[in-house]
Amino acid sequence: MSGTDTREVDPVTGHDTTGHNWNGIKELNTPFPKLVIWILALAFLYSVVAWILLPAWPTGRDYTRGLLGLDQGTEAVTGFREIAAERQGWLDRFEAPDIAALQADTGLMRQAMPAARRLFDDNCAACHGTSGQGGPGFPVLADGYWLWSGDPAEIALTIRHGINANEESRIAEMPAFNWMSAAERAELAGYVATLPKGDADSDSPAAAIFSENCAACHGDGGTGGLGVGAPSLTDVSVLYGQDAATVLQTLTHGRHGVMPAWAGRLSEAEINLLALYVADLAETKGEVAK
Amino acid sequence: MLRLHYNLEKLSMGLVGAIIVAASIGGLVEIAPLFTIDETVAVPDDLRPHTPLELAGREIYIREGCYACHSQMVRSLADEIDRYGPYSLAGESAYDHPMLWGSKRTGPDLARLGGKYSDLWHVEHLVDPRSVVPASIMPAYPWLARPLDTGLLHDKLATLARLGVPYDEAMIAAAKTDALAQSRPDSDGAEAVTVRYGGKVAVRAFDGDPETLTEMDAVVAYLQSLGTLTEAPYRVLAEDRP
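If you read the sequences in order, they're chains A and B.
First residue of the first sequence: 1, per the numbering used here; consecutive thereafter.
First residue of the second sequence: 1, per the numbering used here; consecutive thereafter.
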């Protein structure tokens, strides 16, 4: 094919034909639209610019870094540190050892509460409920009844190291009393179930078993407050349940509730902030979460 | 112009050659970097492989399609680091075949899950998600309470070893007993598990019952191991950068 003399132009479209001829039918050789060619050319040009500016080509063990020297990991970490630095202004005040004193600073607390609620939702709500209402096996935080203590520093300690989670945790062990006879356990369970009502018979044999076996951890008459993580059995707040059937389960198998440790996952200031938030939950009966 | 296309179209062998050249550029760009993958993906020194029980849990995780709703990759974005923790490194999943990074997040990312919740919470959540998270849309998996089939574990470890996962002879031989022992902290074999896989491996009755080895034990052991196989991402995050 040489020379323009063999070109055959279609009179309707003005395009060349391919020169193929099938029983008088010829194929048009329509050129590619100019616009598409231009876009394609620009795209190629862009990729060359990108190769020069951004990390692009692998070179065996390494890669071309690009003139801008960008690195996604570094960018993310820098961005993360910027976020952290923005909060630092008020957040690092929560590193203070006497966090209870911060509670009085209403301006600071108002500024910090949205962040506290977000932290609580991300990390604590799955077990303690979005407004601290708890559930079977997961204590209510919004009621002012404590397994350990409502003092913010003590709450922070619980959050930092958890309960029964690792070697540094608080230890709370409700032993299994399966060595007792089934009849004794049933009787005791019935007794414990009546404790919150306040009309338990303190002269019954069950009461005697209780003082002998249980009072060391749960306090005389089951009033708790000994600081060993054993709940009061006389108040309306329950952890697993205080009906006779659930108490029997507790007695037969023991309990070993686990609260994860948050040191490492959350910063010291965040833990203190959460401790104040939990104290606030208890004081306002969950209102701050709304 | 050269009328390259015009002429090429009439030369069928020429056209075939041109198509092969064009297509192989695309292939080359994707495949060639993989030839150096061993050098470019740095496997952290302290990376441990999954224990047989965790591996069984991983298989169940795949079987149940958990990956359809959960990713296991914290992206390198500031907000993700803020919420989940250090961003994921390629080396973290060097021993995963296949990796489960994913990108679909109907539920939260699970890459840093290990230790965040208690075993009991996981059990309750898997049996009935609504019992602990009232607004959850995650499906319930009550059938995970059935006994775990450990029959294939030995072969699974052997296969992974051939793919470069550092399971040694002893690990492969003990696959079945290690799976059982990891869920029985008071059993004779429990210590051997930590000797083989490191002291940080959790040895517990994950489903609360040391008597029977269930699929629940395996899944919870796996979930509690996520993000705990190496400290490398934490080191990278703490690094000083320009």
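If you're looking for bench data, these hints aren't it; they were derived computationally from the structure.
We put the CB at the ideal spot given by N, CA and C, even for glycine.
There may be inaccurate statements among the hints.
Derived contacts from chain A toward chain B, CB cut-off under 7 angstroms, selection only [to be verified]: (1) I52; (2) P55; (3) A56; (4) P58; (5) Q72.
Which bits of chain A does chain B cover? Going by a derived footprint, with three or more residues having C-beta under 8 angstroms, they are [as the list claims (entries may be wrong)]: (6) 113 to 127; (7) 240 to 248; (8) 259 to 272.
To be clear about the criterion: a stretch of chain B counts as covered by chain A if any three or more of its residues have a C-beta under 8 angstroms from a C-beta of chain A, and this derived list gives those stretches [unchecked claim]: (9) 36 to 47; (10) 150 to 162.
These are the hints, each one checked on the structure:
1. Interface hint status for I52 of chain A: violated, as the beta-carbon distance to the closest one in chain B is roughly 17 angstroms, over 7 angstroms.
2. The criterion of a C-beta within 7 angstroms of any C-beta in chain B is not met by P55 of chain A, whose closest approach is roughly 12 angstroms, and the hint is violated.
3. For A56 of chain A, the interface hint is violated, the least distance from its beta-carbon to any beta-carbon of chain B being 11 angstroms, above 7 angstroms.
4. The criterion of a C-beta within 7 angstroms of any C-beta in chain B is met by P58 of chain A, whose closest approach is roughly 5 angstroms, and the hint holds.
5. Annotation: interface hint on Q72 of chain A holds; nearest CB of chain B at approximately 5 angstroms, less than 7 angstroms.
6. For the segment 113 to 127 of chain A, the assignment as covered by chain B holds, since 5 residues bring a beta-carbon within under 8 angstroms of that chain's beta-carbons and 3 suffice.
7. For the segment 240 to 248 of chain A, the assignment as covered by chain B is violated, since 0 residues bring a beta-carbon within under 8 angstroms of that chain's beta-carbons and 3 are needed.
8. Here's how the segment 259 to 272 of chain A fares: 4 of its residues keep a CB closer than 8 angstroms to some CB of chain B, so the rule of at least three is met and the hint holds.
9. By the rule of at least three residues with a Cβ nearer than 8 angstroms to a Cβ of chain A, the coverage given for the segment 36 to 47 of chain B holds, with 3 such residues.
10. For the segment 150 to 162 of chain B, the assignment as covered by chain A is violated, since 0 residues bring a beta-carbon within under 8 angstroms of that chain's beta-carbons and 3 are needed.
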